[in-house]
Structure formats: C-alpha cells, structure tokens
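First to last, the sequence lines map onto chains A and B.
Here the first sequence stands for residues 83 to 407, numbered as in my numbering.
Here the second sequence stands for residues 626 to 790, numbered as in my numbering.
I should point out that these hints are in silico values taken from the structure, not numbers from a laboratory.
Some hints could be false.
[As the list claims (entries may be wrong)] With a straight-line cut-off of 20 Å between C-alpha atoms, the simulated SDA-like cross-links for lysine to any residue are: (1) A/Lys397 x B/Arg710; (2) A/Lys391 x B/Thr635; (3) A/Lys400 x B/Arg709; (4) A/Lys372 x B/Phe680; (5) B/Lys711 x A/Lys372; (6) A/Lys372 x B/Tyr666; (7) A/Lys164 x B/Tyr666; (8) A/Lys245 x B/Pro661; (9) B/Lys638 x B/Ser723; (10) A/Lys400 x B/Lys711.
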Amino acid sequence: MVPSISRRAFIKGGLAAAGTVAASGVPARAARLDERRQLATLLDISKCVGCEACVEACREVNEEKKPNPRKPFPAMYPPRVKVEDWSDKKDVSDRLTPYNWLFIQSAAVEIDGKEKTLTLPRRCMHCANPPCVKLCPWGAAQQLENGIARIDADICLGGSKCKAVCPWSIPQRQTGTGLYLDLLPSLAGNGVMYKCDRCYDRVADGELPACIEACPEEVQTIGPRPEIIKKAHQLAKETGGYIYGETENGGTNTIYVSPVPFETLNRQIEKGSGRPHLKSVAATMEQADKLVAAMLIAPFAGAIAAAGKYYKMFKSTKEEGAPNE
Amino acid sequence: MNKDPLNRKTPKKRTFQYGYAALILLLALSGFGQMPIFKRYYIADIPGLGWLAEFYVTHYLHYLGAVLLIGAAAYVLADFLLSRRKTLQLTPTGLLLSALLGGILLTGAFLVLRNLPGFWFPPGVIIVMDLSHLIGVMLFLMATLYGILFKKSWTIAVHNHMERE
Ligand code: SF4
Ligand code: SF4
Ligand code: SF4
Numbered sequence: 083m084v085p086s087i088s089r090r091a092f093i094k095g096g097l098a099a100a101g102t103v104a105a106s107g108v109p110a111r112a113a114r115l116d117e118r119r120q121l122a123t124l125l126d127i128s129k130c131v132g133c134e135a136c137v138e139a140c141r142e143v144n145e146e147k148k149p150n151p152r153k154p155f156p157a158m159y160p161p162r163v164k165v166e167d168w169s170d171k172k173d174v175s176d177r178l179t180p181y182n183w184l185f186i187q188s189a190a191v192e193i194d195g196k197e198k199t200l201t202l203p204r205r206c207m208h209c210a211n212p213p214c215v216k217l218c219p220w221g222a223a224q225q226l227e228n229g230i231a232r233i234d235a236d237i238c239l240g241g242s243k244c245k246a247v248c249p250w251s252i253p254q255r256q257t258g259t260g261l262y263l264d265l266l267p268s269l270a271g272n273g274v275m276y277k278c279d280r281c282y283d284r285v286a287d288g289e290l291p292a293c294i295e296a297c298p299e300e301v302q303t304i305g306p307r308p309e310i311i312k313k314a315h316q317l318a319k320e321t322g323g324y325i326y327g328e329t330e331n332g333g334t335n336t337i338y339v340s341p342v343p344f345e346t347l348n349r350q351i352e353k354g355s356g357r358p359h360l361k362s363v364a365a366t367m368e369q370a371d372k373l374v375a376a377m378l379i380a381p382f383a384g385a386i387a388a389a390g391k392y393y394k395m396f397k398s399t400k401e402e403g404a405p406n407e
Numbered sequence: 626m627n628k629d630p631l632n633r634k635t636p637k638k639r640t641f642q643y644g645y646a647a648l649i650l651l652l653a654l655s656g657f658g659q660m661p662i663f664k665r666y667y668i669a670d671i672p673g674l675g676w677l678a679e680f681y682v683t684h685y686l687h688y689l690g691a692v693l694l695i696g697a698a699a700y701v702l703a704d705f706l707l708s709r710r711k712t713l714q715l716t717p718t719g720l721l722l723s724a725l726l727g728g729i730l731l732t733g734a735f736l737v738l739r740n741l742p743g744f745w746f747p748p749g750v751i752i753v754m755d756l757s758h759l760i761g762v763m764l765f766l767m768a769t770l771y772g773i774l775f776k777k778s779w780t781i782a783v784h785n786h787m788e789r790e
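For reference, chain A alone in the conformation it holds in the complex (with noise of 0.2 Å):
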C-alpha cells in the first residue's frame, strides 16, 4: 500500500551514502547544509501496534552510551539544585529518561464511528536548526552533518538548557556523572542530558537505527529529508492522513503520519514531564533571527552617520573659511 524504500535498497544506497558523510565530514568547512543530507524519518501512526520492540531494541543498542553515575553525589551549592537520578528507575519504560530514550504513547480515539487505541514511538524530533544544539553554550550539543542532534555525553556539563529550549523537554538529566565532576561539581553543572541520538554510530557504519530495524511492522521508514517530505505527504493523500514534524519548530526530521488530527491525539495522549506532547509549534530561532538583517544593516548606518557629521563639519568650516588644512 504505502510504497516505501524498502530496507535493502536504503541501506545500499541512501545510508551507506549518509554513512560515508557523516563518517568522513571531518575536515573542517563550513557548509550550507544540504537538504538532502539530513535523514529524515517518517512514522506511520496507523501501523503501530504498540509492542514496543522499538523501545527494547533502543535500551539494548545504546546499552554503553548509559549513564553509570558515581555515588555519592557531590554536594550541591545552592540547595535549589536539585538532584536528578534515575540510575535506581532504569526500568522506566513508559516515559523519556537518561536511560529510556524511546517509549510508546497511545490515544483513544474514534475513526470511523469505532472506537480505536492508536499507539506511537516517541523520542528527539531531531530539530532540522535544533534549538537545543543552536543555543548549548558549550557546544555539547551537536548537529551532525546528516542532520542529527546528539548530546556529547562526555562535554555535558547537565545544564538542562537543551531541555529548556527544546519545544518538546526531550532530554532528561542524571546527576552524578560526567565532566562537571572533574571542574567544580558543588558550583557548576549538575551531570549529562540524554536523548535519542538516532543511533547516530549505526548510521554511520551503514546501519538502520535499532528502532527502525526491529520494529515488525515497519512503521518507520528513513531517508533524505526531501523524499520522506514526500511520502509524507503522498502517505497522508492516500489514506486521508495528517502530517506533524514537517513544519513544526520550523521543520523536524521526524514526520508524523496520522489516521486522526494532531489536536485529537494531543488530547488523547498522556503528557507531562518526559511525555512530549503533539501541539503545533512555532519556529523557536526565528524571531532572533530576524534582527540578522539589522546586524548587516548596522555597520553601513554607523559609517553614514558618522560620514554625515564629518560632511557637515566639513561644510561649516568651509563656509567660516577656516584656515584648517
């Protein structure tokens, strides 16, 4: 029904290719990034089945990129700060985590008069200008040149900015671990913020993300931004579907494909801390982004004004007769 490309023709073509790039995107030059560059993912909500295969295949894959927090705890200055530890709940699996990166909503809703249980994987939208990479003041978070954002655990000082920034609260903190530790533990930082880093060394060996190879009913499909873009949208045409993830915060590389509206699932879906919601959401950078003009505008207005005095100065002693020069 949905025409897709199916996996060996992706990993022969698509993510091999991807692969070499990210693989090779060393030398340091700056690029314009290409759309066809960033892989994109699209998820179709009506083949879900909620077994949550997804979720196992992700803990099992990323075992090692886990926190493993030293205990006790530094002493934190102030009080305010607050201890996030989640190395006793690794268990978890109905909600975001450090150790949950994956997880499965589900929605009651109504198609066509019947009532229906619709379920969906949810994890990092993958941003394609990510606010949580845009605006880390050190850098730790990081867009790679395939488009995906991850978190360099052993940079993150756990200042949850990333989390803040991020229109849906995605990465989550664990205290205790991490190269605030070795700086000043009881003053800065507090840990590392984890989340789906699209199984970033697997895309670059060549390999599908463990969500997408094990999920049996292939919900998810990945690939160049602008093809997914439009089997999205052919997707929804088919089946009378909705799209979510193509424009939100200016467009992810995460695209939603549902058999009911956005607005009804958001509804229906438990949210809260760790449990992003489906609401529409505007471009978070773009407001910022509008005074670049101003910035390019700015040194030609200084240097007119100051030519304009100089002009006038320049006239007045002339018409005094000043003997200057």
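Mind docking chain B with the ligands on chain A? Use the hints.
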C-alpha cells in the same frame, strides 16, 4: 578638568559614554545569561531580573545589543578614519580593547551564522568559537575594568602625547 579640548567631557560625549556602558552591560548580562547560571544563583529572583533566566529572551536581547554595538563600532571607526586620524591616536589600552572587541565581533558573527537554519559547521569548530567568544569577552571586561581603575582612555591627542604618557 582636562585642559586638552579634545578630551574635554562635552555633554554629547558623556551621553555616548553612558550609552556605551549601558550597551556593554546589556550584552554582558544577556551573554552570560546564555549559560544556565542566573537562576541557579538566585539572580533571576531579583525583581526586574527574571528575564535573565529566559533563554529565548536573553538570546533576542543579545542579538539586539549586537545590532547596536555593530552600528556604534562602525560609527566610531568611520568617525576616527574621516576626521580624527590626524589629531587622535590609540593608546596601548585602546589598541588592546579594539583588538579584543574585533575578535568578539568576529566570533559573534560566526555564532550568528551558525544559528541560522541551514548552516552547518563541524562541532569542533563550534566549540572553539564558543570558547573564544567567551574568553574574549572576559578579557575585554577585565581590560575595561583596568582602563576605568587606572584612568586609561582609548585615545590620546597626538600633540599631547609626551605630556600624558
Ligand atoms: S516496534 Fe513498531 S509496532 Fe512495535 S511499538 Fe515500536 S513502532 Fe510500534
Ligand atoms: S526535539 Fe528537542 S532535543 Fe530533539 S533536536 Fe529538537 S530541540 Fe533538540
Ligand atoms: S534512533 Fe536509536 S537512539 Fe533514537 S530512539 Fe531509535 S534506537 Fe533509540
């Protein structure tokens, strides 16, 4: 009072100096506000300073400050080149401050570019630029403090050179 007519504090000059100080304060506060410190250290709890913990607000205000700083820097530079080159000269402090400001503006411009949708730079380059911008600002603020404490101005009248130094 200073007898040198060029270094006399005219009302215009005073306005410019206060404006400059306010601008540096805005940029420093909104800049340091990029780090999650103002909430942790209760500074954002002080009435009127709550905005310091709002990351999108500090981000916007930092950009706004940058627009003004770029405009002011261009004005001062053009003014210097057009009408003051013969009468004024940069002091060593002025030279240091100018160099640091130049570095801050350049690294800042890079970070603005980085923030635009569609622009991609290798993570390592971004880390170096982030740190250079921060270190540049700290050195600039220290040099400014030194200038205030020891009454060093940016420029000196060329003819008074021997007298003042
Ligand atoms: S493995 Fe597939 S079908 Fe099962 S919960 Fe995950 S996305 Fe849904
Ligand atoms: S969804 Fe949140 S964490 Fe993921 S890339 Fe976007 S801003 Fe970053
Ligand atoms: S892409 Fe990888 S890290 Fe992200 S949810 Fe899927 S399995 Fe987990």
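Going down the list of hints, with the structure as the test:
At roughly 19 Å between alpha-carbon atoms, A/Lys397 and B/Arg710 fall within 20 Å of each other, so this suggested pair holds. Of the pairs offered as hints, the one joining A/Lys391 and B/Thr635 holds, with about 16 Å between alpha carbons and a cut-off of 20 Å not exceeded. Between A/Lys400 and B/Arg709 the alpha-carbon distance is near 17 Å, which keeps this suggested pair within the 20 Å criterion. A hinted pair counts as satisfied when its Cα atoms are at most 20 Å apart, and A/Lys372 with B/Phe680 qualifies at roughly 17 Å.
Between the alpha carbons of B/Lys711 and A/Lys372 the distance comes to roughly 39 Å, so the proposed pair goes past 20 Å and is violated. With a CA separation close to 31 Å, the supplied pair A/Lys372 and B/Tyr666 exceeds the 20 Å bound. This hinted pair checks out: A/Lys164 and B/Tyr666 have alpha carbons roughly 13 Å apart, not beyond 20 Å. At most 20 Å may separate the alpha-carbon atoms for a hinted pair to count; A/Lys245 and B/Pro661 meet this at roughly 11 Å.
At most 20 Å may separate the alpha-carbon atoms for a hinted pair to count; B/Lys638 and B/Ser723 meet this at roughly 19 Å. The straight-line distance between the Cα atoms of A/Lys400 and B/Lys711 is roughly 18 Å, inside the 20 Å bound, and the hint therefore holds.
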